[in-house]
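We have chain A already, so just place chain B on it with the hints.
Chains as they are written, first to last, in my numbering: chain A, 1 to 281; chain B, 1001 to 1281.
These aren't lab readings, by the way, just hints derived from the structure by calculation. All residues carry an ideal CB built from backbone N, CA and C; glycine is no exception. Everything hinted at is true.
According to the in silico footprint, chain B covers these stretches of chain A (three or more CB under 8 Å from chain B):
id: 1; segment: 178 to 187
id: 2; segment: 201 to 215
id: 3; segment: 228 to 238
id: 4; segment: 249 to 262
id: 5; segment: 266 to 276
There are 2 protein chains.
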Amino acid sequence: MVPDTLGVLGLGAVGGSIAWQAARLGVPRILGYDASTRDGVAAVKAGAVTELVRDAATVVANADFVVIAGSGDDTRAQLCALASLLLERGVFCTDVTAVKRPVVALAEELGLAAVFAGSHPHVGPTSDGFRCANPGLLSGTLVYVTPVMGGDRAADEVRDFWTRSIGANPVALDATQHDQLHAWTGHLPQTVASALAAAMAAGGPAGVTYGNSALEATRQARCGTALWAEVLVANRDNVLDALRGFAASLDELREALAAGNRRRVETWLTAAADWRGRFEP
Amino acid sequence: MVPDTLGVLGLGAVGGSIAWQAARLGVPRILGYDASTRDGVAAVKAGAVTELVRDAATVVANADFVVIAGSGDDTRAQLCALASLLLERGVFCTDVTAVKRPVVALAEELGLAAVFAGSHPHVGPTSDGFRCANPGLLSGTLVYVTPVMGGDRAADEVRDFWTRSIGANPVALDATQHDQLHAWTGHLPQTVASALAAAMAAGGPAGVTYGNSALEATRQARCGTALWAEVLVANRDNVLDALRGFAASLDELREALAAGNRRRVETWLTAAADWRGRFEP
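Excised from the complex, chain A in its bound form:
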């Protein structure tokens, strides 16, 4: 759907960008709420929201589509608080958290199938405020939409919102599959980059020059640590599975090195290089 009145709860980098882009694509009325006055005022000044509202319930009471744009904890708390109002008014609602099973399970528990589907826009978890919002942030971006059991119609409305009000590319995916995939495609790389940086912090030689390879392999370690801790813990079963796969690969190398077997080391490096080569032109 293209809402007449869009409500956005949380006007940080992601929520702020959603509101701003919807404003640009012609949604006439956009109600914003943020616990931080600074982000709220910045969003109004930028023209990302048409009205700043003092509490989340007032947003839901007046909007016909609501995006909850907060951390996992915030999102679940909002869903609990707003569930009956969402159902009573028949307001379609989605969220933007990076791990989908917890919020989808909660929505099922709360009986929100008629109005809710989860979303995960592929922009990486961020805890930055509205100053990092950008109306183009979600334009053309892949957005996973994870339906609640029996919630296919709500999922259709949510996908339609992403396509028509934001210009993003929504793809429907089961929450369980979503979380498995992302353990590999996003959470494992983050974990490995952080582990490399943590190892260097703990045991690396002091005062040396790290070259481009070390800096590139650890770049992701500089992340929003509170949000990433939430993500990794929320998806820990899948992350631990992926880490077992990673540890097995590393063990293969360690054995080959301990044996001084250059041929095995080369075979191992070649499998890795071939995989990575698929992503280069």
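Same frame as chain A, now just chain B:
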């Protein structure tokens, strides 16, 4: 020293760049040798060498400074073959391999203290040919110079060569320290990037979209696998040490995740983020 006649054995990306830059900085005569006719001819055409010579001994017989620019295996074979001629003529000599203990130990065994010191220009191991040579490749580049026991004078001459004939920045370092440092600064990041790619190749989900974080963390996996296998095996004691440190960091995270302890996960992520933050403006 600035040689009157420089000899370069191996005209690939590194050897070719050394010859070429020396030519540009005014070394009048540059003798080149390469087992591949194609690289040799390309070096002559580019003006990187003034004469292409048919064997390594002829280069040593006519040069007053020799750079052996090959793999570890090639370099040690050349040193064995050329040792008596180098000593007899008093020709200063260096190499460019990435692990320094093996070549320094061999030079000590061969009694080459008067003429040899190892070098490691910080350009990453490469197996590319002369087509990847570039006279600017080593300009301003850090070059570790590792003396042979009792070989301080030769090490001085080698450092002088890098400074005056190439415009690089040589730093003297003991071979043992060099190899320890590089296990952390270069070999561990390479190993981790390759292990991540190898794990994804073996166990990652098929047909999914890998985002920037996964591609960045694995970029180094696409490397010259034969040369890297040689490097990792040559430095395997230090690499295995560094890998133990890395595995310990990863184990900390796995324990915190298994316990669902978000606070510990965040503390761990923060130590990593703080370390990495030191390298950003």
